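Student: Numbering (our numbering), first residue to last: 1 to 99.
No wet-lab data here; the hints were simulated from the structure.
Any given hint could turn out to be false.
[What the hints assert, rightly or not] Computed Cβ-Cβ distance ranges for the label pairs, DEER-style:
hint: 1; residue 1: 63; residue 2: 32; range: 29 to 35 Å
hint: 2; residue 1: 64; residue 2: 99; range: 38 to 44 Å
hint: 3; residue 1: 36; residue 2: 99; range: 34 to 40 Å
hint: 4; residue 1: 98; residue 2: 65; range: 34 to 40 Å
hint: 5; residue 1: 32; residue 2: 88; range: 28 to 34 Å
hint: 6; residue 1: 36; residue 2: 77; range: 30 to 36 Å
hint: 7; residue 1: 36; residue 2: 89; range: 23 to 29 Å
hint: 8; residue 1: 37; residue 2: 90; range: 14 to 20 Å
hint: 9; residue 1: 92; residue 2: 63; range: 20 to 26 Å
hint: 10; residue 1: 85; residue 2: 51; range: 29 to 35 Å
Because the structure is a prediction, the values reported are computed rather than measured.
The beta carbon of each residue, even a glycine, is placed where N, CA and C say it ideally should be.
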Amino acid sequence: MMRRAAPTQASARITASCCLAPSATAPAMSSRRTLRDVIDRAVALEMAYNPNDCVELRWGAPAKSDEAATCKRYAPAAQREKMSKYRAWFHERRRPPRA
1 MMRRAAPTQA SARITASCCL APSATAPAMS SRRTLRDVID RAVALEMAYN PNDCVELRWG
61 APAKSDEAAT CKRYAPAAQR EKMSKYRAWF HERRRPPRA
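Produce the complete structure using the sequences and hints provided.
Tutor: This is the structure in structure tokens:
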């Protein structure tokens, strides 16, 4: 069995600096995100799976930022309230109990 070489610090830096996020609704804005951006958005990404929200919210755009300014679609308040009950599962990285 062949062993894969361990990544160098340089290759890790390149990988961490070239993550791309979709930006179909804001094509003029840069779609580059660093690994640090993703880590900083971890809390926002816990609720990022709702297809009724715009892509900017699903990618964790900070509220009232230039990136979030193009957001026009929001999940209904009742749905967001229901989903917030499941947020702990994502925060704690645990699976919900099976029925």
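Student: Confirm or reject each hint.
Tutor: Status of each hint after checking the structure:
| no. | hint | in the structure |
| --- | --- | --- |
| 1 | 63 / 32: 29 to 35 Å | 21 Å, violated |
| 2 | 64 / 99: 38 to 44 Å | 39 Å, holds |
| 3 | 36 / 99: 34 to 40 Å | 39 Å, holds |
| 4 | 98 / 65: 34 to 40 Å | 38 Å, holds |
| 5 | 32 / 88: 28 to 34 Å | 31 Å, holds |
| 6 | 36 / 77: 30 to 36 Å | 32 Å, holds |
| 7 | 36 / 89: 23 to 29 Å | 25 Å, holds |
| 8 | 37 / 90: 14 to 20 Å | 18 Å, holds |
| 9 | 92 / 63: 20 to 26 Å | 24 Å, holds |
| 10 | 85 / 51: 29 to 35 Å | 18 Å, violated |
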